[in-house]
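Undergrad: One line per chain: the protein sequences are P and C, in this order. For the record, in the first sequence the residue sitting at position 83 is 82 according to numbering that gives the first Met the number 0, with numbers rising by one throughout. For the record, in the second sequence the residue sitting at position 255 is 254 according to numbering that gives the first Met the number 0, with numbers rising by one throughout.
Careful, some of the hints might be misleading.
[Claimed, not checked] Quick partial rundown of chain C residues pointing at chain P, CB under 7 Å, derived from the structure:
1. I14
2. T244
3. Q304
4. I310
5. Q312
6. H313
7. F401
Bear in mind the hints are in silico, worked out from the structure with no lab data behind them. Beta carbons: idealized from backbone N, C-alpha and C, even for Gly.
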Amino acid sequence: MLNITCPFCGSRSESEFAFGGPVGGDRIDPNNSSDAEWVEYLTVLPNPLGPVQEKWWHVRGCGEWLTIWRDTHTHKILEAPHVPT
Amino acid sequence: MKQKYSLFSLARNAISGHENWKQAWRSPPLKSNYEVVIIGAGGHGLATAYYLAKEFGITDVAVLERGWLGGGNIARNTVTIRSNYMRDESIPFYVKSVAMYEGLTKELNFNMMHSKRTMVDIVQTYPKMRELRRRQLVMDIYGSTYEHISTEEVRRRIPALTGGGVDARLPIIGGMVHTDAGVNRHDAVAWGYARGADERGVEIHQQTGVTSLIQGPNGAIAGVETKRGTVRAKKVIVAVSGHTTTVTETAGLKLPLRTMNLTAFVSEPVKPLVDVIVNCPDSGFYFSQSDKGEMVIGGAPDMGQSFRRDIKQHVFEDTVASMLSLFPAFKKLKLLRQWGGHLDIAHDASPIMSKTDIDGLFVTAGWWGGYKAIPAGGLTLAHLVAKGTPHPLMSSFTLNRFKHLDFVMETGTTTAR
């Protein structure tokens, strides 16, 4: 089980969170991109064997959305939000 | 080479102390050039090799496996074979696959220990019941079987089901019966296809991990780089489940796939207790009792992408807690072992069997519950590779559907709970 750091609640159990998917690229301009680029933007997400940036929702906690870097093989969280003291 | 398995061969070899059995497949030296290279000696890779040789006469084929034959996801599933899907595109494909599985013991001369034992869905919410009734109407068109039964009938068929009464949080409101469903022996599927392919000239190379794809000057596929040297081929099939994008990205090819970990676990063996496959879509678990007597139990996938093959404690606990709410007697069962497999899922939860933007490179991926699809998946992919055009049963499952945003949104998979 992961312990994910919420910027408001600190380190909390993964079971309090919902997964929000990997962070994709920025939205491209549909008027200035080819069909292939648009389809790639819509359907292709990063799927690395290694670090991935992803969104989590602290739905059974404070309701905050947050972003972490996590390794898909070791499950180690490499970068988490800063918790103000 | 051919050594037929039968009662007589068993008796003959028993007399000679079982010392004269021939190896089921060869271990030939690795050549530097083949007509077709298949990456991954799992279910789909081996089945594709077998049907390439048998149906299309293409025997200059090498199956390259990083680990050992049948050690990937074909050994990491719950051997459930069924065809109760939702979409017009999916159902005929799985109906074909189930039918092929039923004849596989004869076809491969290898005992699959196929046990056609019916699946019973235990339904606890009205939206789920409506969805399954809708699936029933679609399945009726394509010759699959689904039938509604009452709560009393569910309990009569599964005596161990003592939870889910009127005062439960989710009382049972009825069930659906899928009589085509069955289980079999996963090792036999891998070994049977390997033996059948080898017999027809296909080479299987274990401990031959592919490190990257090689493209020619014109961009077409030229072969693969392996730990044992370069292997050239004009056609390369990627059949590596969760590592599909890891392999294709070595040639710069991006695919709409995410890799996830799906796990299962097994109890100690007990006397025969449940003779059907039990699926509880509302509670989020399913199980069947193996021939050895173990309960083979599966639940939901891990949250987030994962290339791991272990189970997260809370995923396991959630599955057990839901199971005990319906089967409180299982509290006494000891659990023996667990496993996970990483598999990739496409944007619309349907499989991808397709040519790619790289000429000569084929992928079979996005299998979520790919075990049941092995025979039909192998046959139709072999058709695509040999003839260059998709088999009618899988023409909706190519990458073209992403180009045209014409998805086959599948809800009949494990993850769709």
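Undergrad: If a hint holds in the structure, say so; if it does not, say that too.
TA: The hints, checked one at a time:
The closest approach between the C-beta of C/I14 and any C-beta of chain P is roughly 51 Å, which is over the 7 Å cut-off, so the hint fails. For the restraint placing C/T244 at the interface with chain P, the shortest Cβ-Cβ distance is roughly 4 Å, inside the 7 Å limit, so the hint holds. With 7 Å as the threshold, the beta carbon of C/Q304 comes within range of chain P, its nearest partner Cβ sitting at about 5 Å, so the hint holds. Because the smallest distance between the Cβ of C/I310 and any Cβ of chain P comes to about 10 Å, over 7 Å, the interface hint for this residue is violated.
The interface hint given for C/Q312 holds, since its Cβ lies 5 Å from the closest Cβ of chain P, which is under the 7 Å cut-off. Annotation: interface hint on C/H313 holds; nearest CB of chain P at approximately 5 Å, less than 7 Å. At about 5 Å, the closest approach between the beta carbon of C/F401 and any beta carbon in chain P falls short of 7 Å, and the interface hint on this residue holds.
Hint compliance for this structure: hints 1, 4 are broken, all remaining hints hold.
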